[in-house]
Amino acid sequence: MTGPSPAPAPAPAPVPVSILPTDAPPDRPARKVAGTKVDLQITEDHHLCPGCGHPVAWRLLLEVIAELDLAGRSIGVVGHGCYTNIVSIADVEFLQCLHGRAPAVATGVKRVHPHTAVFTLQGDGDMASEGLQEVLHAAARGEKLTCIMLNNGVFGDTGGQMTAATVVGQRTKTSLDGREPEAHGYPVPVAELVSHVPGTAYVARGAVNNAGSIAKTKRYLRKAFELQMAGAGFTFVEVLTMCPTGWFVPTSGGPTYMVDTFEKTFPPGELTPS
Amino acid sequence: MTGTAGVAGTTGGTAGVAGAAGATTVLTRGTVTIDRERCKGCELCIPACRPGVLSMSTEVNAIGYRYPVLAPGCTGCQACHAVCPDFVFEVYKFAEPVVLAVLAAPAPTDAPTEEDR
Amino acid sequence: MPAGLLQGSEAVAEAAVAAGCRFFAGYPMLPFTELLEHMARRLPEVGGTCMNAESEIEGVNMVLGAAAAGARAGTGSCGQGIALMQEAIAEAALNEVPFVVFNLARGQQDYFQCTRGGGWGDYRTITLAPKDVAEAVEHTQLLFHLADQYRSPVVMYGDYLVAHTFMSVDVAPRDYGPLPPKDWALDGSLGGTGRSRQIWTWRMGKADRPGAGPDRHWRAVAEKFADAARTEPRHEAHRADDAEVLVVSFGSTAPFVDHVVDELREDGLRVGSFRPITLWPFPEDALAELVELSGCRQVLVYEINAGQMIDDVRLSVGRGVPVRGIGGVSVDDSGMRQGDLLTVEAIRTRVLAAVEEGR
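Chains as they are written, first to last, in my numbering: chain Y, 220 to 493; chain G, 321 to 437; chain X, -16 to 342.
None of these hints come from the bench; they were simulated from the model. Just so it is clear, the structure is predicted and the values come from calculations on it, not from any experiment. Warning: the hint list may mix true and false statements.
Capping the alpha-carbon separation at 30 Å, the derived lysine-lysine pairs in DSS-like fashion look like this [what the hints assert, rightly or not]:
| # | chain 1 | residue 1 | chain 2 | residue 2 |
| --- | --- | --- | --- | --- |
| 1 | Y | Lys483 | G | Lys413 |
| 2 | X | Lys207 | X | Lys165 |
| 3 | Y | Lys251 | Y | Lys483 |
| 4 | Y | Lys392 | Y | Lys256 |
| 5 | Y | Lys251 | Y | Lys392 |
| 6 | Y | Lys483 | Y | Lys256 |
| 7 | Y | Lys483 | Y | Lys442 |
| 8 | Y | Lys256 | G | Lys413 |
| 9 | Y | Lys256 | Y | Lys435 |
| 10 | G | Lys413 | Y | Lys442 |
| 11 | Y | Lys392 | G | Lys413 |
| 12 | Y | Lys392 | Y | Lys442 |
Here are some, though not all, of the chain Y residues that point toward chain X, as calculated from beta-carbon distances under 7 Å [unchecked claim]:
| # | residue |
| --- | --- |
| 13 | Val257 |
| 14 | Leu267 |
| 15 | Arg320 |
| 16 | His356 |
| 17 | Val407 |
| 18 | Thr484 |
| 19 | Gly488 |
In silico negatives: residues of chain X with every beta carbon more than 12 Å from chain Y [stated by the list, open to error]:
| # | residue |
| --- | --- |
| 20 | Gly42 |
| 21 | Asn44 |
| 22 | Gly160 |
| 23 | Asp170 |
| 24 | Thr176 |
| 25 | Arg178 |
| 26 | Ser179 |
| 27 | Lys189 |
| 28 | Arg253 |
| 29 | Ala269 |
| 30 | Asp294 |
| 31 | Thr326 |
| 32 | Arg342 |
Beta carbons are placed, not taken as given, at the ideal position from N, Cα and C, and that holds for glycine.
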């Protein structure tokens, strides 16, 4: 080729990345490794906020019950909060009880049916605020239960007020400038308290902010139920869940907020009963 | 392999950003179905996806939320399924991994090509 | 079968065991404490469980759980402790969980508590007020039956005298007729079958089997109590058919009043007595009819409090015949039981004074 070089071609417009169809199962041979619903789940529909951590915790609980073959002998005692809706969306026997009282109610259930798996599902408002006495006494009695506290540091269902587990600096509807020790005191670490009560066989704190913590939390729940069924004593799992609505953060910011604020006060992991 | 018309995606991960790494194909081990009408647009699946093949749509569903769309490179790791609070995902693992083109085939235009010059 | 001279607390415990009570939980508080102690001794002997709960609130909620699981369950205290149990009693009335609450009260000041209730929502508690240990034994068994029949918490209004008096009683089991099976009770067995059960005051049901919801459910519960109000009133009258003066009392006060009635009849006075056996439902119709048929000219209310049952007496009697309270607050120095007003002398004096003023 002779003659002057041609003018440089304009830079090509960026080409979009290919988008794959996702409205039907794949045509090519494949196996389904995860479905939308788990075995004991009646429906995927619920009214909880975008980005809420509770439904993830529900799913882990139902998976554990099914995997341990406890579906036909489980009784759940559920407190008051957004999570209460599990009693309608799960094919498990449930007693919805008074705020804070679930460990006492569950005690009555378990004493009458000692061979069943009896668990409570409560929020931090339900357990750390209203029901601190109930859970500590149940632990001290060594009741063979699995008490589960979903901890997001707010009363979510009533619009986001402070609970006994709200962390210092956290803004809520009743601590608009952030929880301040002089005015509002300090958060109560329920898992740590339970770990110091004789009668407690297992205590763990999990979280649902990412796939890794979700996998660990499921293991904690599974261990708690296994120990209950082995008659080891009181078992307790706290699960940190996101509440972007109560935290005044965008839904995508929930996991970061949890790691940056909650985990300093409530470190995840298994605690040693002492 | 092109997907749903009218939807553009941009990836945030390593599957092959157009022009950056220069990758034009990616080994794809699985896929997902996405119930776009149930999604509430929380976006938790986007950073959870390990190969980074999920991005949020530009269109909205019937209740006004954007929803995730899938680019080639899914490994079937189920991280999206794990974090999703709305039970939006099914996850599939292919019997055989398949190589897929990362970039969408360009749409035909009237612009002059190199050959025309 | 225990029989013979038994302290009231022990007799009530035996009656509860005879009625099939197999779960009991409570917090010590006199004069209820001995009932808890007897249950702690007896229930393990029959394969049951008695829990010395760490608080009244925990005790009643344990009982709620046991009853929801299908056991015949009971709790109790005196009025001060039952004050703490109000929320759970209301809750059980609204989610239809049956159990028996024993108020072994420090006096007669808890009438409002058991008939008006301190809980929330539209509920009532069928309440029986025995006059002595023998009746308490009968009422204990009847209450377990009524609780199951109406699927609701029910109350015994006893007191210090019922708890501590020794009486020769026979605690044989009584049969009050068939009851529907407790297929609503939770035992876990229907989990995963698509028919799992749910106990919830709001009765929302499952996503694929919606329940009645709070509106329809609470209306149905209210109608159930309206039925009980028609069917369950019980009363006793003594020498009242031709009485000019009718004295109304309840519980332990009634035998004292009846004794005074007998004494005054000896003196030629046409006095009679009436007592509700059910504080709720108060036997309004029976009292109204008695007042009309006897032609009595005044109704005197002798209760050892500032005036609580008198409201129900006035509602029953209307304005045609004067109703006067001639009891009053009266507590002994320990604060555990009625004081000087629970004596034959005091009752006699006050009845005669009222009769005199009424001339």
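Hint check results:
1. The straight-line distance between the Cα atoms of Lys483/Y and Lys413/G is roughly 38 Å, outside the 30 Å bound, and the hint therefore fails.
2. Only pairs whose Cα atoms come within 30 Å are accepted, and Lys207/X paired with Lys165/X is accepted, the gap being roughly 17 Å.
3. Distance check on the hinted pair: Lys251/Y and Lys483/Y sit about 38 Å apart at the alpha-carbon level, beyond 30 Å; violated.
4. For the hint linking Lys392/Y to Lys256/Y, the alpha-carbon distance of about 34 Å lies beyond 30 Å, and the restraint is violated.
5. Between Lys251/Y and Lys392/Y the alpha-carbon distance is near 44 Å, which puts this suggested pair outside the 30 Å criterion.
6. Pair hint Lys483/Y plus Lys256/Y does not hold up; C-alpha atoms about 33 Å apart against a cutoff of 30 Å.
7. Distance check on the hinted pair: Lys483/Y and Lys442/Y sit about 25 Å apart at the alpha-carbon level, within 30 Å; holds.
8. Annotation: proposed proximity of Lys256/Y to Lys413/G holds, straight-line Cα distance about 18 Å (limit 30 Å).
9. For the hint pairing Lys256/Y with Lys435/Y, the CA-to-CA distance comes to about 20 Å; that is within 30 Å, so the pair holds.
10. Simply put, Lys413/G and Lys442/Y have alpha-carbon atoms about 29 Å apart, close enough for the 30 Å limit, and the pair holds.
11. Between Lys392/Y and Lys413/G the CA atoms are separated by roughly 45 Å; this puts the pair beyond 30 Å, and the hint is violated.
12. This hinted pair does not check out: Lys392/Y and Lys442/Y have alpha carbons roughly 36 Å apart, beyond 30 Å.
13. Taken as an interface hint, Val257/Y does not check out: its beta carbon lies about 11 Å from the nearest beta carbon of chain X, beyond 7 Å.
14. Nearest Cβ of chain X to the Cβ of Leu267/Y: about 14 Å, over the 7 Å cut. The hint is violated.
15. Of the supplied interface hints, the one on Arg320/Y holds, with its beta-carbon coming within about 4 Å of a beta-carbon of chain X, less than 7 Å.
16. Look at His356/Y: its Cβ gets to within about 4 Å of chain X, closer than 7 Å, so that hint holds up.
17. The criterion of a C-beta within 7 Å of any C-beta in chain X is not met by Val407/Y, whose closest approach is roughly 18 Å, and the hint is violated.
18. For Thr484/Y, the interface hint is violated, since its Cβ never comes within 7 Å of a Cβ in chain X; the closest pair sits about 28 Å apart.
19. Proximity of Gly488/Y to chain X is violated relative to the hint, the smallest CB-CB distance being about 29 Å (cut-off 7 Å).
20. Taking the minimum C-beta to C-beta distance to chain Y, about 8 Å, the non-interface status of Gly42/X is violated against the 12 Å cut.
21. Listed as a non-interface residue, Asn44/X fails to keep its Cβ farther than 12 Å from every Cβ of chain Y; the least gap is roughly 4 Å.
22. For Gly160/X, the condition that its CB be more than 12 Å from all CB atoms of chain Y holds, with the nearest at approximately 25 Å.
23. Listed as a non-interface residue, Asp170/X fails to keep its Cβ farther than 12 Å from every Cβ of chain Y; the least gap is roughly 5 Å.
24. For Thr176/X, the shortest C-beta to C-beta distance to chain Y comes to about 7 Å, within the 12 Å cut-off, and the non-interface label is violated.
25. Residue-level check failed: Arg178/X sits 8 Å from the nearest beta carbon of chain Y, not beyond 12 Å.
26. Non-interface call for Ser179/X relative to chain Y: violated, since the shortest CB-CB distance, roughly 5 Å, does not exceed 12 Å.
27. At the 12 Å boundary, the C-beta of Lys189/X falls inside the reach of chain Y, the nearest C-beta of that chain being 6 Å off.
28. For Arg253/X, the shortest C-beta to C-beta distance to chain Y comes to about 52 Å, beyond the 12 Å cut-off, and the non-interface label holds.
29. Chain Y leaves Ala269/X outside its interface by the beta-carbon criterion, the shortest separation being 37 Å against a cut-off of 12 Å.
30. Once the 12 Å rule is applied to beta carbons, Asp294/X is consistent with being away from chain Y; the minimum gap is 30 Å.
31. Consistency note on Thr326/X: stated as away from chain Y, and its beta-carbon is indeed over 12 Å from all of that chain's, at 42 Å minimum.
32. At the 12 Å boundary, the C-beta of Arg342/X stays outside the reach of chain Y, the nearest C-beta of that chain being 55 Å off.
Checked against the numbered hints listed earlier, the structure breaks hints 1, 3, 4, 5, 6, 11, 12, 13, 14, 17, 18, 19, 20, 21, 23, 24, 25, 26, 27; every other hint is satisfied.
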